[in-house]
Amino acid sequence: MRYLPLSSDDRSAMLKKIGAPGIDALFADVPQAAVVPLSVFNLPDTQGELEVDRALSKLAARNVAAGAGPFFCGAGAYKHHVPSAVDHLIQRSEFLTSYTPYQPEIAQGTLQYLFEFQTQVALLTGMEVANASLYDGSTATAEAVMMAQRLTRRGKAILSGGLHPHYAETVETVAGLQGVIARAPVTPGSAEDLIALIDDETACVVVQSPDVFGLIRNLRPIAEAAHAKGALLIAVVTEIVSLGLLESPGAQGADIVAAEGQSIGNGLNFGGPYVGLFATREKFLRQMPGRLTGETADIEGRRGYVLTLSTREQHIRREKATSNICTNSGLCTLAFTIHLSLLGEEGFTRLARLNHAKASALADRLCAIAGVELVTPTFFNEFTLKLPKPAAPLVDALANKGVIAGVPASRLLPHDKSAANLLIVAATETCTDDDIAAFAGALKEVL
Amino acid sequence: MSETRFTDQHEWVTLDGDNATVGITKYAAEALGDVVFVELPQKGRKVGAGAEAAVVESVKAASEVYSPVGGEVSEANAALEAAPATVNDDPEGSGWFFKLKGVSAGDFAKLMTKDAYAEFVKGL
Amino acid sequence: MDIEANRRRVTAPGYHPPEELPTISGDRGLDHEEKLIFEIGRDGVTGVDLPQTQIAATRLGGQKRKGAIGLPGLSEPEVIRHYVRLSRKNYAIDAGLYPLGSCTMKHNPRLNEKMARLPGFGDLHPLAPRSTTQGALELISELMGWLTTLTGMPAVAMSPKAGAHGELCGLLAIRAAIAARGENRPRILVPESAHGTNPATAAFAGFTVDEVPAKPNGRVDAEALKAKLGPDVAAIMLTNPNTCGLFEGEVIEIAKAVHEAGAYFYCDGANFNAIAGRVRPGDLGIDAMHINLHKTFSTPHGGGGPGAGPVVLSAALAPFAPLPLLVAEGDGFKLVEDRDELPAGAQPFGRMSAFHGQMGMFVRALSYMLSHGRDGVRQASEDAVLSANYILASLKDVMSAPFGDGPCMHEALFDDSFLDGTGVTTLDFAKAMIDEGYHPMTMYFPLVVHGAMLIEPTESESRESLDRFIHVLREMALEAKAGKTARFDGAPRLAPRRRLDETAAARKPVLRWKRPELPQAAE
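Protein chains in written order, with this note's numbering: chain V, 1 to 447; chain F, 1 to 124; chain H, 1 to 523.
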């Protein structure tokens, strides 16, 4: 087996040194009844690289990659161009095959990029501090709700109807143990009255902007109303590129920002791994979940970085930890940091403008088709259309024509009859004029 | 006349009338290592004898500080927030954690005397 | 700190004069000092060429950003050099033996990286039309087949994103199963040798934690555990092989007692790599176990993630698996995302995350499994156990192995009693390994032995590599005992950094770069 360096001579010599008659002797503690022969496993035997490559490539070929044609899916995961340098750098052995940087003397590479990452996330979100990442945007949102429950010692969380339904379900599952999760009504294309729902029991209000339909929300009045009742505002961002064009949640008064960072540096990967961004105000630092990297110096006075404030974490605090999280999204974090470093201020803001311009052009073109209406008067790179027919079968019909047209709202809200004709459509910098023309042409044909 | 007594959780408490001052012992401060953070109780909070009242953290450890006696928090040592190292430098003096009022002498009487605590530590 | 400051330009504009740059001696040969990107970047430079686009602000709802973000500008060659230089400050499996016990730093085959990057997997949207994702769903189904077959369990939940997330998934399934029986069981038993995530997860899932002591032979005290069982106990969480690197031989009796008490058996599968292909957890009476794909099945650790933590479930817990569920439909597959479409008997407890799990890790793990095959998986477990025992046998005369009388599983545990009276601590010993070119072993874990040193060589080391490692540790141990302790004092010396001041970092946390204050003009 090509990954196993021991020869049978090596194995014999090692057993001799150990003083064991055979490998079975080393498993002597295992009850005999629990040891099974290899034939019990109905699985194939060792295969070469060529065979494995062939088998997996065959499976991959049965999927339609986002880059294979006109593509307009978003709703929490976005297709962006990732510069070639990113994937080259993250595949360096020293990044790819290292562990969590618990030995800072020989992990400064990881620690320094995490420090850069924390700074970038704080700058983007307009917050004071950010952690070294969580699993993804949805789990980061659940962690944010639990942090608000701890900070306010209240249980109730109000979720905007514009929060991605899968995020809302994740919050209900995980944070629902600590208190009531109240979901506000879903109002595609307009903002529901969240302020009226805030009461003295409320720990936090969770608002996504742009929301799952693409609508840009104004967080300021909600932040003010929440703060007046002693509650916190959690801002959720699923398309981080939007912050190149839109006011940051921090500037609008958010107390915690939970975001999905996939758009920068990371591929679609059929849903994961992604990278959860988590930022807050300095005064809430001690209740933050996840790892933090801090600057310090070594005994020779040279600047260096360490994991810090670990007493919040599970390996020290055990059942009193702020979260049970251990693994984060290390390598996805690195991809994010490198991509954002390449973009810089100029690249990032140009990218955001380009996304908005593409989406605007697409919306204009599609809404010119009879019976197609724009539901979201404001949007960044994603908007919702109302079609004259149910969206799900239309998406399938368009897929047969080679156009991946977006996400039917019914896929996220199967119980909401009013969502049946809604289609959530995203356009990024990868979208060409030809793609837009192909979508418009195909849509006309299937309507 | 004030008197100081000790707990098996390594807190000390000095009683003066029905007012008490609480901190962690020199032994505890040394075992913990460099203190980096102290979380103190809010003024006005009522704590029972043996209840969790504060948290003290070093780089690699976090420990709860239990109030040796019951009472109402009358003051927390805010100076520790900016200078947690005071807990290491002077644990049984300026490194005190909080003060209580309305303390019952009954709680206090159950605690170890200085000599008893010294014996207790020797046995660890 | 004010938010307004964030909107100001944070990079010093223009060219940085050479006097700000490190000196040659400061860089120590090829070990280049490297500033932060914020200190390198400047205005007017970018590493990505994008057109300037005119946009109308009418669709932005008055929310257009007013100030700058403060990101530095760097060209592509600068970014590449920066991150290449940073990478050279890291230790890595590819560069040497990485003996971190309980972390399983095994070889990461590059085929797996290539497979995960096939556009049909890497560039596939989670909500793309079902007809366009059948190959991906089949891959998940195939991986599920491997996981259930290797563990002898009937079901597996794929969405947990890491081991701790898998623990949470397992405990939430247990919680739901108990609720479905109309019972209330608030307590979970956890051995004191457990990973910190176990008690943290139990508390996170709303349970109280009751610790079970270990016996002098490093195993959980089964009698003490049985005595603690009762109608208020929801589950036990046991790691097997345990964190001392030992197999819990009484596991079957423990499972029986747990089930008789109406509780469930959660197994922390972090150490499955010792027994995969030889022992099926399902045969041991386990109800739920997460599998760290980044340990047993070689998906790269990536400096701390991403991981993946699918959870295999017994028949008793399978109905409570979280959404989405993968089901066969016609000659293909579909993901059930909604309660209205549930297959018969399914009562999902909820949803663990937005999408369907760590697909990128699934591809890598399946690539590993197909490469090894069942015979290779078994051989890998055997080689891992053999290598750990080889280290134990070769070092126990000079170091101290508290449970060294019998064989270990995939990791060898030592305590610090061999250093008694030398003035050298476990930390000093481990840090001195860096000067010998090795990453330290896991230290001070598990908590049940004093000054623990937990060594896991994995199956990826050649005999020569193991012999070299053993030689170095023997020499170090003998030197320490002989009173030659200079090398341990303040080690490491030959690393990119010497010991760092963690106390200062925690007392006054500096968690991000901030633009240096500009000197104030005299008034």
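It is worth saying that the hints were derived from the structure and are not from the lab. It should be emphasised that the depicted structure is a prediction, and the values quoted were computed from it without experimental measurement. Check before you lean on any hint, since a few could be wrong.
To be verified - Derived SDA-like pairs (lysine to any residue); straight-line CA-CA distance at most 25 Å: (1) K60(F) with D420(H); (2) K386(V) with G179(V); (3) K16(V) with F403(H).
- Query: Which of the stated hints cannot be reconciled with the structure, identified by number in ascending sequence?
  - Reply: Of the numbered hints, just 2 does not hold.
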